[in-house]
Structures are given as structure tokens and as C-alpha cells.
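Engineer: Chain by chain, the residues run as shown.
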Amino acid sequence: MHPVLRTVLQRLGLGVLTLFVVSVVIFASLEMLPGGFAEAILGQGATPETVAAFNREIGLDRPATVRYVEWIGNIFRGDFGYSYAGLGGSIKRSVTDLIAPRLYNTFFLAIMTAIVAVPLSLILGILAALYRNSWYDRIVNSVTLTTIATPEFFIAYLLMFFFAIRNKWFYSLSTVSDTTDFIEHIYRAALPAITLMLVIVAHMMRMTRAALINLLASPYMEMAQLKGVPRREAIIKHALPNAWAPIATVIAFNLAYLVVGVVVVEVVYVYPGIGQLMVDSVSSRDMPVVQACALIFAATYIFLNLLADIISIVTNPRLLHPK
Amino acid sequence: MKSEKQRVRGETLLEIRGLRIEGNSDGVWHPIVKGVDLSLKRGEVLGLIGESGAGKSTIGLAAMGFARPGCRIIDGSILFDGIDLRAAGEEDKRTLWGSRIAYVAQSAAAAFNPAHKIIDQTVETAVRRGVMDRGKAVADAVDLYRRLQLPEPAHIGERYPHQVSGGQLQRAMTAMAMSCRPDLIIFDEPTTALDVTTQVEVLAAMRDIVEQFHTAAIYITHDLAVVAQMADRIMVLRHGREVEEAPTRVMLSEPREDYTKTLWAVRKLAKPESVSDDIVLSVRNVDASYSGVVKVLDNVTVGLPRGRTVAVVGESGSGKSTLARVITGILPPSRGEILFNGKPLSRALNERDKDTLRRIQMIYQSADTSLNPRQTIRDIIGRPLEFYQGVQGAARDRRVAELLDSIEMDESYIDRLPTELSGGQKQRISIARALAAEPDIIICDEVTSALDQIVQEEILTLLMRLQKDTNVSYLFITHDIATVRAIADEIVVMHQGKVVQQGPKSQVLNPPHPAYTELLLSSVPQMDPDWLTNLLARRAAGKAGA
Numbered sequence: 000m001h002p003v004l005r006t007v008l009q010r011l012g013l014g015v016l017t018l019f020v021v022s023v024v025i026f027a028s029l030e031m032l033p034g035g036f037a038e039a040i041l042g043q044g045a046t047p048e049t050v051a052a053f054n055r056e057i058g059l060d061r062p063a064t065v066r067y068v069e070w071i072g073n074i075f076r077g078d079f080g081y082s083y084a085g086l087g088g089s090i091k092r093s094v095t096d097l098i099a100p101r102l103y104n105t106f107f108l109a110i111m112t113a114i115v116a117v118p119l120s121l122i123l124g125i126l127a128a129l130y131r132n133s134w135y136d137r138i139v140n141s142v143t144l145t146t147i148a149t150p151e152f153f154i155a156y157l158l159m160f161f162f163a164i165r166n167k168w169f170y171s172l173s174t175v176s177d178t179t180d181f182i183e184h185i186y187r188a189a190l191p192a193i194t195l196m197l198v199i200v201a202h203m204m205r206m207t208r209a210a211l212i213n214l215l216a217s218p219y220m221e222m223a224q225l226k227g228v229p230r231r232e233a234i235i236k237h238a239l240p241n242a243w244a245p246i247a248t249v250i251a252f253n254l255a256y257l258v259v260g261v262v263v264v265e266v267v268y269v270y271p272g273i274g275q276l277m278v279d280s281v282s283s284r285d286m287p288v289v290q291a292c293a294l295i296f297a298a299t300y301i302f303l304n305l306l307a308d309i310i311s312i313v314t315n316p317r318l319l320h321p322k
Numbered sequence: 000m001k002s003e004k005q006r007v008r009g010e011t012l013l014e015i016r017g018l019r020i021e022g023n024s025d026g027v028w029h030p031i032v033k034g035v036d037l038s039l040k041r042g043e044v045l046g047l048i049g050e051s052g053a054g055k056s057t058i059g060l061a062a063m064g065f066a067r068p069g070c071r072i073i074d075g076s077i078l079f080d081g082i083d084l085r086a087a088g089e090e091d092k093r094t095l096w097g098s099r100i101a102y103v104a105q106s107a108a109a110a111f112n113p114a115h116k117i118i119d120q121t122v123e124t125a126v127r128r129g130v131m132d133r134g135k136a137v138a139d140a141v142d143l144y145r146r147l148q149l150p151e152p153a154h155i156g157e158r159y160p161h162q163v164s165g166g167q168l169q170r171a172m173t174a175m176a177m178s179c180r181p182d183l184i185i186f187d188e189p190t191t192a193l194d195v196t197t198q199v200e201v202l203a204a205m206r207d208i209v210e211q212f213h214t215a216a217i218y219i220t221h222d223l224a225v226v227a228q229m230a231d232r233i234m235v236l237r238h239g240r241e242v243e244e245a246p247t248r249v250m251l252s253e254p255r256e257d258y259t260k261t262l263w264a265v266r267k268l269a270k271p272e273s274v275s276d277d278i279v280l281s282v283r284n285v286d287a288s289y290s291g292v293v294k295v296l297d298n299v300t301v302g303l304p305r306g307r308t309v310a311v312v313g314e315s316g317s318g319k320s321t322l323a324r325v326i327t328g329i330l331p332p333s334r335g336e337i338l339f340n341g342k343p344l345s346r347a348l349n350e351r352d353k354d355t356l357r358r359i360q361m362i363y364q365s366a367d368t369s370l371n372p373r374q375t376i377r378d379i380i381g382r383p384l385e386f387y388q389g390v391q392g393a394a395r396d397r398r399v400a401e402l403l404d405s406i407e408m409d410e411s412y413i414d415r416l417p418t419e420l421s422g423g424q425k426q427r428i429s430i431a432r433a434l435a436a437e438p439d440i441i442i443c444d445e446v447t448s449a450l451d452q453i454v455q456e457e458i459l460t461l462l463m464r465l466q467k468d469t470n471v472s473y474l475f476i477t478h479d480i481a482t483v484r485a486i487a488d489e490i491v492v493m494h495q496g497k498v499v500q501q502g503p504k505s506q507v508l509n510p511p512h513p514a515y516t517e518l519l520l521s522s523v524p525q526m527d528p529d530w531l532t533n534l535l536a537r538r539a540a541g542k543a544g545a
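One line per chain: the protein sequences are A and B, in this order.
Mapped onto numbering that gives the first Met the number 0, the consecutive letters of the first sequence carry residue numbers 0 to 322.
Mapped onto numbering that gives the first Met the number 0, the consecutive letters of the second sequence carry residue numbers 0 to 545.
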């Protein structure tokens, strides 16, 4: 077996193991939350008897280990269970049905943002490395530093004020539903996407610049110059292939953030993504939904980091072509 | 050196007049090159020689019209084939670089881009300039690889730089420089990072190809014996100025300036050998490995007499530094035992008591990285005094001052930081730190390799005096035969993890030798300009005879 394939399989195995550990942590920490679904839903009427009856109804009276094994076993079969919210009533809502449209919206926003942000930050970073210490470099650096330092909700409100209220170019609220068509969806999600872009472009662009500048002092870059390779070509052809590993890592980190860290932006724009769903479910103690969301977040992180690892391996000839 | 009939009688190719270059450190510009004149004819090889800081690499790069970041050419003229390189724009210089003036860097391993195949890097400039199309350029590169005697010339280019050896990479870099048939090649210490046995082949290959294509070259090195083989003329540099310049044979036989003579004199340092049967450290049948698979040490037996110096010589990968790691306990051996003062020594570091640790000390090659840059000399030398002997406060400072005195440094250095000292002074501090423990044995791992020759001599003289004063034993690991000659009582020759030969210096250095010792000793460049030619002829004859 090629050593690279073996490493990839090893990482994949480790990823699955991590996911398993994460599932235990999620389940255990949610167990430790004070109060339960019954208290949350019954409110004033939560006497010990009604709570116990309620818990018996949704199976919460059984030991945590039993419930964990049942939960994880069902997930292996693709069944995330039912939301507590509909249990006992006439409409049982499966967690999958609940999450699917929200997850679609979140991925829609994430992909829309990434398609613009990743190439943009690579280009900005490469240009900043190429024209290091020029006016361009300084301006890009200070602008990106500002957008990193500004809280995202503040950026969101600023954009909303200027582009939705002062100039009525966009809607201030990004409400979408499953009947919204594709183009309309893009239009409505534009402001949240721009907000997220401002946050992540800064991070990725600065890393690209730093990774490249780090290599500019290496002897092979001097050699390229003394072989008559023009500066721009030297950076793209001689520096960039050696810089992919750190760049891929930071891109993976930011893409994961687009899926798991966007709740603030979703709330500001009232965009129905998975972050909002999770926050709502935590406050109503709707555990099956919270657990499923947390597991999806963890899987996203693990998958994207695995992808970054693989990119680091395949762009390193020492690993790809061993002696 | 080239034979007489091939001596150069061409037109002038490069003319440098009044070259002055400044370097920036901590925001202050200070002179590096202080007015150097230099001229080179077509097909001629000029050797630039000097110690570190002489400005030889800076001049070599300036001959291309290039100054490294942090350097600037402030005065003088650089005329290459009638083109004024100081006035030329970046674009004009770029068309010259790689095609008419090429550069061969010191470390080929660092100067090749790890991300691209060797062949792609070799033909890059030729294809870009449109000198030839890719197919033709590749065929030509294969021809150059063959001329440079690279193994499998047709396929070696398909490899990545990390897949071939250092000596092969250095030859591939020469092929890269040759690909556009430049008028001038700058060789910047091209064999310094190589082992001596590899160096011979690389030197021969570079000399031949430069001769075949009648290419002019500037050959930069700190090694006189090497430059004597390569250059038609030699220029000696010191502190950014020319000391003297003469044809190679004249320079070797009749150096005019005192400084040049001192460079020659370093090689004459030699300690009379003295043997002893009082063995303080005995390594017996030791095997060691890092991965558990490949043996880095294979059945190694070495004895170190009290108050004497045993030099361990070998090339990189011979296992000589691993031997040091096994003795110090950093790498426990997989087989065999080590006797210290007659008693078995614990295999691993953490099983040894403080007194044993104190008795075995170590000095490293790079004082820069082995001294903590944030600690003063007082702390660096005082630490072993506190740790091993429990000496504190004023008594400690008195002892530090004594130790500074014994390494011939002033007491006033006590509050300095390592970064304020020269390379030689830093290595002296490392010696004092080892001495502070009052050890029985000091393991010296290539301690003079990073130093200039004159400083090397001072350090070696100091080590010998300290041995006389304290009766300490040295296990002296080195790849440099001149150093061995200077200080050893006994010599251990190592090759691929095995001891090839061990004995008193006079015995090991004089024939008859085992085959590997012969190869190693004969590969050490000599001051004779015909040494390389004669050596290659002898080896060819030997091969034909066999």
C-alpha cells in the first residue's frame, strides 16, 4: 500500500474515533445541564409528579448509559430520533426533518461565502507577499486587521444600516423558506455572506501572506531569482507549492467556522440556519436536536481538518515520493 | 588546476573597479566590501579565498549585479562583457541571470526547490529564455548529467531533490548552471557541505565541465587546497579588502603577505602523540539504532586512555555522533556495554547518578545553538558549578572568573550575553562550561568545524593546554583530517557504523591502510595544485590494474 494512502486511512480511522469520543462528551455534558425538557415545557405546572410522568412518556426515566447506547446505535442506522417537541402529540417530528432544511440553508450560506472568500483571500495574500511593504500591502493589512478586530454582529449591523436601510439594495432580514428560488436565495443571503466574508478573508489572507513571506528568504527562492525567474512567477511557481500546508490548515479552520460558528450572524439577519436551531433547542432542552447538531458540527470540523491534512501530505513530495 | 596549454589568453569578460558594499544590521549600515578591483578573462577561473566575513560571497554575487536583502552596492563599477551591471535595470539583469551568468550555491539541498523534479529545475531557464524547446533542453540536460558523471543520467532528473545525495545534487546544480552555456559561473563554496570522498568527484566534475565549455568562473571557498585545484589565479580577501592576488602556483609557493602566510601555517599544527594503557572509558561491542531496524552502530569497540585524545573520524552517516549519544546515555545501546573507570556505565541517562553525569561532559559544534542566548556568561558557566558542586554566590563568581582566565578570556566578560561574543569566544565559553564540572572526559563533537582556520588553531591549542593542566580525556569527533593530525594521540576511523581502524596516530596515518582509510586520507585535498589531477590518474590506473 502506498504510504500516503495508509496515512490517509489512519487519519480517517482517527477521525471516526474522535467523533465517537465527541459523541460521549456531547451526551455527558448535556446530561449535566440543569433542568430538563419537562421543566422547560411545563413551566409553572412543573410539579414533581407531572415532570416524572412527562419523563416517563419520552423515555427519560431510563439510565443515561442505556439512552446513550440506544441513541448512538440509531445514529449508525441513520436515525437521529424524534424531537421532544412533538412527542406525545399528534405530529411526531423526526430530527432529520427538522434539521435538513436548516442544514441546507447553512451550507448554502457557507458555500456561497467560501466560493468568493477562498480565491479572494488567496489572491490578496499572494499580492501582499509579492508587493510586500508597499502601500497596497499596508492598506490590505490594516483593513483586514480591522475586520478581524471588529465583532461580527457589529459588522453585520453596519452593513445592514448602509446597504439595506440607507440604500435599499438588500433586505435587512434574510428570511428564506423552502419555496424561495435559487437566485432569490442568493440575493437574500448576500448580506450575511458579505459579513462572514469580511471576517474570514482577513484570517486566510494573512496566513497566505505569512506562509509565502516565510519562504521568500529560503535559498531556493534566491536561486530562482538568480536563474532569472521573474518575481511574480517565482512566488507562484516556487514558493506557493511549498506553502499549501499552512494555507490549507487555515482555510479548513475558516470553512468549519462558516458551518459551526455563524449563529451570531444568523440571529442578526434572522437567517434560518442550523445555528439558530441549535440555540433554540438548547433553551427548550430539546436534547435529540441539540445532540444531532453538535454531532454535525464535530463531524464538519473533523472532516475539514482531515482534508487539510491530506492536502498537506499530497503537496509534500517528501511524503508523496519517499526515497 | 588546468594544464598549461589550456591557460587563458582571451579578452576581458568581467571588470570590477572600486567595489564598495554595505550591510545593514540593526538599522546601521556598515561596510562589508571596502574597495575591491577584480578582472576576469573569458575561460578563466579566479579563486576568491578568505575567512568568514571577508566579503567573498558578497563580491561573488555583486559580480552578477546582485546584492542580498540587507546589503547595498554603494560605489564602484561592474562591467560584464561591456554591460554596466550597476546601471542595468532589474529586467536587463534578469535576462542575463541564468543564461549568461549562472550561480552555484553552497548547499544544493537548500537551493533546489523541494516541490519540483530536478529535471524541471535544470531546464527552467533554457526553456523560459527560448534557448531551446523543452524536448531539446531535456536531452541536453541528460547529456550534462552524463558529463558530470551522475548515475543513471537519463532518469535521475525524474527524481525530487530529497531523493538524491548531496554530492549528486551539487553536480545537478552545476548542470543547471551550465544549461544555457553561460559565459560566467559563480561557484559559492560548492563543496563545503560535502564529505571529502564525495568532494573529490564533485571537484573533478566541475573542473572538467568548465574546461570543456571554456566557461569563466569565480570559485569562492575558504579552503586553500580546494581552490588550488580549481583556479588559474587566486585572490586572498580579508575584512572586505584584497590582501594579494597571484597565479595559483606563485601564490602557493611564494605568498607575499604575512596574512597569507598565516593561512598556510595553520596546517602545520601537530601534537606529538603519546600512548597510554590507563583506559578511562571503554566501549565494548556496542550496537545502536534509532528505529530498531537499521544499525547505526555495529559492534563498535573503542577505548579512551586517561589524559589523552582519541579522534573519531568518518564521513556524515558513519555513526560518529551516534557514538557520542550512546556514551552520554541519550541513546541507550541495543547491545554491548560501556565501562567507565572500570565499572559498567548505566545504559540510559536517567539511570546515571549526578557524579557520573558530572564526569562526562560534552561540547557541541555550534556554540550559537548550544548556549542559551538569554543567559549571561555568569549563568552559563555558573550553572554546572551550582548543579554539580553546590558552589553558590561569591564563591561561584570567583570560580567563574578563574574558569574565564583558564580559557584566556577577561573577567569583564562575566555579564555579557553570548550574542555579544565572536564565534571563537562562544566556543571558549562552551569549553569553560564543560570544564566547570571538572570532568574526566569531554566529548568534542565537531567543535572547530564552524570556525575559521586561525580561530580553529587557537581553540585546538587551548584544548591541548587544558588537557595538560587537568589531565582530562577528549573524545574528539571530526571529519577533518588536519584537525586530527593536530591534536590526536589515537585515531578511530569509522565507516557505515563500523570501526574500520583504531590505533596510535602515527600508525593510522601511515601506510599500510585498510582500503577505506586509504580512500579517506587520499581524498583530503593537498596544497599541491596538481593533487587532484594526480589523484584521479592514480585512481584510474588502480582501477585499470584491478
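Among the hints, erroneous ones may be present.
[What the hints assert, rightly or not] Straight-line Cα separation of at most 30 angstroms, DSS-like style, residue types lysine-lysine; simulated pairs:
no., chain 1, residue 1, chain 2, residue 2
1, B, K342, B, K294
2, B, K116, A, K322
3, B, K270, B, K260
4, B, K270, A, K236
5, B, K294, B, K260
6, B, K116, B, K92
7, A, K322, B, K353
8, B, K270, B, K467
9, B, K342, B, K467
10, B, K294, A, K322
11, B, K542, B, K497
12, B, K92, B, K342
13, B, K270, B, K40
14, B, K467, B, K260
15, B, K353, B, K342
16, A, K322, A, K236
17, A, K322, B, K497
18, B, K40, B, K92
19, B, K92, A, K236
20, A, K236, B, K116
21, B, K497, B, K294
Everything labelled a hint here was simulated from the structure, so no lab data went into it.
Engineer: Compare the structure with each hint and give your call.
Structural biologist: Hints versus structure:
| no. | hint | result |
| --- | --- | --- |
| 1 | K342(B) x K294(B) | holds (26 angstroms) |
| 2 | K116(B) x K322(A) | holds (13 angstroms) |
| 3 | K270(B) x K260(B) | holds (21 angstroms) |
| 4 | K270(B) x K236(A) | violated (54 angstroms) |
| 5 | K294(B) x K260(B) | violated (45 angstroms) |
| 6 | K116(B) x K92(B) | holds (26 angstroms) |
| 7 | K322(A) x K353(B) | violated (42 angstroms) |
| 8 | K270(B) x K467(B) | holds (12 angstroms) |
| 9 | K342(B) x K467(B) | holds (25 angstroms) |
| 10 | K294(B) x K322(A) | holds (18 angstroms) |
| 11 | K542(B) x K497(B) | holds (25 angstroms) |
| 12 | K92(B) x K342(B) | violated (68 angstroms) |
| 13 | K270(B) x K40(B) | violated (44 angstroms) |
| 14 | K467(B) x K260(B) | holds (29 angstroms) |
| 15 | K353(B) x K342(B) | holds (16 angstroms) |
| 16 | K322(A) x K236(A) | holds (24 angstroms) |
| 17 | K322(A) x K497(B) | holds (24 angstroms) |
| 18 | K40(B) x K92(B) | holds (20 angstroms) |
| 19 | K92(B) x K236(A) | holds (20 angstroms) |
| 20 | K236(A) x K116(B) | holds (13 angstroms) |
| 21 | K497(B) x K294(B) | holds (10 angstroms) |
Consistency with the previously given hints fails for numbers 4, 5, 7, 12 and 13, ordered from lowest to highest.
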